[in-house]
Amino acid sequence: MSDDVDLFAQQATNRRKSVWLVVGFILFFAWVGFGGDLAYALLSYDPATGTYHHAFPYIGIFCLAAASWICWDSWRNGSRRVLWSTGAWELIEPATPEQKQLMNVVEEMAIASGLPKPKVWVVKDDDPNAFATGHDAESASIAVTEGLLKGLSRDELQGVVAHEMAHIKNLDIRLMTLLAGMVGAIALLSDGLGRMGRGRGIRLDGSLGGRSSSGRSGSSRGGNPLGLIILALWIFTLIAAPVVSRLLAMAVSRKREYLADATGAQFTRNPMALAAALEKLEAASGATGSITRGAAHLCIVDPAPGMLASKEGFLADFLTTHPPIRQRIIRLKGMGYQQAKREAHAAAG
Amino acid sequence: MSTVVLLVVLAGIVLWVIGAYNGLVSLKNQVVNGWKQIDVQLKRRHDLIPNLVNTVKGAMEFERSTLDAVISARNRAVGATGVRQTAEAEGQLSQALGRLFALTEAYPELKATGNVAQLQEELTSTENKIGFARQLYNDVATQYNTKQMQFPTNLIAGLAHASPAELWEIEDAGERAVPAVDLSLNKPAS
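Taken in sequence, the protein lines are chains W and H. Quick note: the first sequence uses the working numbering, first residue 1, plus one each step. Quick note: the second sequence uses the working numbering, first residue 350, plus one each step.
Derived from the structure by calculation, the hints contain no laboratory data. There is no bait here: all hints are sound.
Simulated crosslink set (EDC-like; lysine to aspartate or glutamate; CA at most 20 Å straight-line):
| no. | chain 1 | residue 1 | chain 2 | residue 2 |
| --- | --- | --- | --- | --- |
| 1 | W | K100 | H | E476 |
| 2 | W | K117 | H | E471 |
| 3 | W | K119 | W | E98 |
| 4 | W | K100 | H | E471 |
| 5 | W | K17 | W | D136 |
| 6 | W | K280 | W | D155 |
| 7 | H | K460 | W | E98 |
| 8 | W | K124 | W | E93 |
| 9 | W | K100 | H | D396 |
| 10 | W | K280 | W | E146 |
| 11 | H | K460 | H | E410 |
| 12 | W | K117 | H | E476 |
| 13 | W | K117 | H | D388 |
| 14 | H | K385 | W | E107 |
| 15 | H | K406 | H | D396 |
| 16 | W | K119 | W | E107 |
Just chain H, same shape as in the assembly (with noise of 0.2 Å):
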């Protein structure tokens, strides 16, 4: 009799094992598939912008060293490795970029043309992306990061080759906050 209990005891920890082994590949793939999403648009991005600064730069001459800036941050970014230096390299990549649209506001016959409108609605699409990409890696990492420190899961996180997986922080001041949801269908208090 006891050595059937045992049995099932057993069985029940093997099967835990599987499972929550199963569970951390699982999440760990996911969040390398978080970060290749990110990656393949930064690429996208980065081919993107010698384009836009070769279209302006005609009729932006005064406006050297922007176009420089938006041109050297990128050339940081495109050689940037890890998630942290990925992020900080993006991050003042964004910040140039911006300046530079901020500029062509100045040149109303440089939109007119309709090749740079299209470049920056390209532009402004994949900084979405890679905003949006950036959300569900962030999510993904932090829900592996979690579950490699919980326990009875950190009990085999070594057998799954399991460690932290780094979020790309954001200290961008214009990145907007998580709206509160108030899914209980009713008016919002306050």
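Isolated chain W, as found in the complex (with noise of 0.2 Å):
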């Protein structure tokens, strides 16, 4: 009973979270554009005529409306978005035993778990992986590797076509794929207003200066400094909010995975075989190219494994999205021995 209170605890904590990174996301894109408008207008004011001549906030208006547009595209569309960027295709007729074989596992799973059965998806890699995306139950959809296939036992397959089914059964495939629609977003705006904004800069700075030059006598002029820190500030966003972003959706999927490991273990009664497709993933440590970083997150193991990877502690926290293989293994493995002890116990009494 306890482990549901979890899950629904979970279920509730990634409902709110998707709220609130929708409402976060959409704030963001109208300080970019209202601020930007709000710069742009003090800076462009002229106070000989009393008027402005940026007194339309376009752009912010442009950038609300792009913000709505993509939250509700990376809704609608974020698993199909997902999936495109890894190449994978949908898995309908399968045709190879292997193909025959995870079909007939995520049944298994869909039964254990007690949810819909979601669409399977083959990426074209052979690095093992696995991702599940999607923003409900319904929706859902599971990827694995063609690596994935070839390497690992039915038992071992299980074990992590469970461990994406606990994720979309604690909803962590909403918030997952909603930050990698978003991350996206954000890397696009970064660029295409960053440069837009370095020309607009170039222009304020002449007209500026022209006007600098040519207010000397006048007593007030010599642009607006309220304009200037939130023309820097605005500036200083769009520099950031590549890196925030990225940040976040490494801090967010650290943790859950050991709760995925868990809630898996669970489904398949079996944590001892996750841990031995874990060692398999682990021991296959090259980078899965078709993966890229702005779906890293959704992976059952790091796609591109970096320095920290094994590393416990703040700075790995913040700077990987996933928590040290060994350290899942090491908590499955405690799982297996204490259902052996228990087992054995029930054998003896």
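Now that you have both chains on their own, put them together as the hints suggest.
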């Protein structure tokens, strides 16, 4: 019963965090838009005529519309976009024994978790990895790489699929998929607006320079200090946003891997199989080339393990998307030993 | 004033009765649904077994008795009714199948034909599905049974035509126990 409570708490947390993510994202875009408008307006204020060159906040309105559209699109098409970015193809009619086995294992885990059967996708990549995406259990997809199908035994594959089903059941996928869409959008925005901003900055400098030289006789000329501060803040946000959003994606995905391991082991009742699978995934330490950074936080193991991949601690918490595999294996084995001990007890009693 | 209080209390009781009644009915439906899920998989298993036996028959002439045991266990399972009888018959069928699979290991040429490996995968998967569906069924049935017995829901159990659902008990020694789940996100003790 206690794990049920934990599950519902986790679902509630993920629902809440998803809402906050969307709210934060829209607020961020609103700031980028209206902040930009405000800076531009203040800097283009002409005291001589008392008029603004930039009176209508069209950047803000555009950004707000864009943010709303991106949120809606991440919700509706986020999973499709993630799958598309990895080049996955949907497995409908299994052709090989391995594909048939994958299909069967997914069906088994759907029954074990009490969820509808998710769509199954295969990523053309020889490095073993897997991920789940979607915004709820009905729209969920599970994708595994070809390397995973080739390298794992039936029980190990079951463990990995159970882990992914746990992400679906916990609603981790909702938060992660939204995040994937937004990280991508922010990177694009920062690049695009940054370029635009630089262009405008030069123009503003020019007009400012022109005005300050012409207005040397006037007393209150020389640019609006408030406008300059807002402009500086605005540029800073644009530079920092991609980094912050990436850090957010990393920090948010670490803790839930442990939880998904535990919930998955409950579905299969076989924690040792997932531990064995993780050992194999760790041994194949090559990078999963077809899974890009934008979707890294969705995977069962980090597709591109870096220097900090095996470390715990504050810095590693921030800079990696996944907890160290060693730690996860130790915990799963702990579960397995306790299970074996209780079985021995039951047999003796 | 007192009539208002009385009305509020009455309304509260009526609302509770409706809620408890609907809760019991919904659980009952979940139990029925859980059993259906098991039934679907059992049917599939019963359909697969003759295929398997026909495929291996030629190569396994000398294992006549094992094959016969599988067939007769399968026929008993098909005829079984009720939870207890089904559970028993299916348990025996699992054991007979287990023996057959153990024997096929001695016939590598059988596994090489692909067809047998495919059937074996299908049967393994079906067996797993039966196992997981049984877990789900037992969970819901236990919840349903507990609810009917607990006070005060037991007062309206008769009204909702609730009767205890039979659990699918297993005596299979190879059955896996539930692992202890440590969700505290700490290293396991011991």
